[in-house]
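Construct all of the structure, not just a fragment, from the sequences and the given hints.
Be aware that the sequence shown starts at 1, since it is given in our numbering, and climbs by one per residue.
None of these hints come from the bench; they were simulated from the model. For each residue, glycine too, the CB sits at the ideal point set by N, CA and C. There's no promise every hint is true.
[To be verified] Quick list of the computed label-pair ranges, beta carbon to beta carbon:
| no. | residue 1 | residue 2 | range |
| --- | --- | --- | --- |
| 1 | S151 | Y108 | 27 to 33 Å |
| 2 | H91 | K188 | 17 to 23 Å |
| 3 | L31 | F58 | 27 to 33 Å |
| 4 | I153 | R24 | 46 to 52 Å |
| 5 | P56 | P17 | 28 to 34 Å |
| 6 | R185 | R63 | 32 to 38 Å |
| 7 | V162 | L55 | 27 to 33 Å |
| 8 | R185 | V28 | 23 to 29 Å |
| 9 | T158 | N184 | 35 to 41 Å |
| 10 | A49 | Y108 | 39 to 45 Å |
| 11 | S151 | E90 | 53 to 59 Å |
| 12 | P17 | F58 | 22 to 28 Å |
| 13 | G100 | L182 | 27 to 33 Å |
| 14 | L173 | V14 | 24 to 30 Å |
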Amino acid sequence: MTIAGLAVLFGACVAIPTAIILSRLQHVKVLQTITFTIANIFQTIPTIALLALLLPLFGIGMRPAIFALFLYSLLPLLRNTYAGIQSVDEHVVTAAKGMGFNTFQRLYKIELPIAFPYIMSGIRLTTVYIISWTTLAALIGAGGLGDFIVSGIGINNTYLIVTGAIAAIILALITDLILGKLENRTYKKSKAINEN
Numbered sequence: 001m002t003i004a005g006l007a008v009l010f011g012a013c014v015a016i017p018t019a020i021i022l023s024r025l026q027h028v029k030v031l032q033t034i035t036f037t038i039a040n041i042f043q044t045i046p047t048i049a050l051l052a053l054l055l056p057l058f059g060i061g062m063r064p065a066i067f068a069l070f071l072y073s074l075l076p077l078l079r080n081t082y083a084g085i086q087s088v089d090e091h092v093v094t095a096a097k098g099m100g101f102n103t104f105q106r107l108y109k110i111e112l113p114i115a116f117p118y119i120m121s122g123i124r125l126t127t128v129y130i131i132s133w134t135t136l137a138a139l140i141g142a143g144g145l146g147d148f149i150v151s152g153i154g155i156n157n158t159y160l161i162v163t164g165a166i167a168a169i170i171l172a173l174i175t176d177l178i179l180g181k182l183e184n185r186t187y188k189k190s191k192a193i194n195e196n
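In C-alpha cells:
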C-alpha cells in the first residue's frame, strides 16, 4: 500500500497543478497536445517492460516501482482534473469576477471546489489501477502483496498465488469503496456551490 500511496500522491502533486496550468493556457493547444501525448505514451508501456527499463536507473526495490507507477498515474489524474476545471460554468466564473474575486480566489474558492468531484474520480480510478499494478513490483524486489504471487509461481503453490491475488482484490475494492464515498461527498458540495 505504501508503494501505491506514494505513486498516487506524487502523481497528484504533478498532474493536478499541470492540469490547472493547461486549463489557463487554453490558447496554447500545442502545449496541451504535447502534455497529454507524453502522459498517453507512459500509459501504453507494459508495466513489466517499464519496470525493466527503470532497473538500470534506480536499481531493485521500491524506487523503480514508485517511479513507474507514478508515470502510470499521470494520465487519469491529468485528464480528470482538466475536465473538471473545464466543466465549471462560465457564468459562475463571471459572477465571481463581478464579486471582486481575483484569479487565485476564483480558482481556490469556486473552480476547484466545483471540479473536485472530477479530481476525486481521477484519484479513485488511479488508485485502484495502481494497487492492481503494484503486485508486479514484487518482480523487482519491491515487496507488497505481489510477493505472495511471485513466491507462489516460483514454488508452484496455488494457495500462495490465490492468497496474494485475493488480498490485492480486497484492498482495491475497499479503497474504491472509501474513495467512492469521498467522491459522493465532494459531488454534493460541488453541486451546492454550482447552484449558489
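Each hint, compared with the structure:
{"no.": "1", "hint": "S151 x Y108: 27 to 33 Å", "result": "48 Å, violated"}
{"no.": "2", "hint": "H91 x K188: 17 to 23 Å", "result": "21 Å, holds"}
{"no.": "3", "hint": "L31 x F58: 27 to 33 Å", "result": "29 Å, holds"}
{"no.": "4", "hint": "I153 x R24: 46 to 52 Å", "result": "48 Å, holds"}
{"no.": "5", "hint": "P56 x P17: 28 to 34 Å", "result": "30 Å, holds"}
{"no.": "6", "hint": "R185 x R63: 32 to 38 Å", "result": "34 Å, holds"}
{"no.": "7", "hint": "V162 x L55: 27 to 33 Å", "result": "28 Å, holds"}
{"no.": "8", "hint": "R185 x V28: 23 to 29 Å", "result": "35 Å, violated"}
{"no.": "9", "hint": "T158 x N184: 35 to 41 Å", "result": "38 Å, holds"}
{"no.": "10", "hint": "A49 x Y108: 39 to 45 Å", "result": "40 Å, holds"}
{"no.": "11", "hint": "S151 x E90: 53 to 59 Å", "result": "56 Å, holds"}
{"no.": "12", "hint": "P17 x F58: 22 to 28 Å", "result": "24 Å, holds"}
{"no.": "13", "hint": "G100 x L182: 27 to 33 Å", "result": "32 Å, holds"}
{"no.": "14", "hint": "L173 x V14: 24 to 30 Å", "result": "27 Å, holds"}
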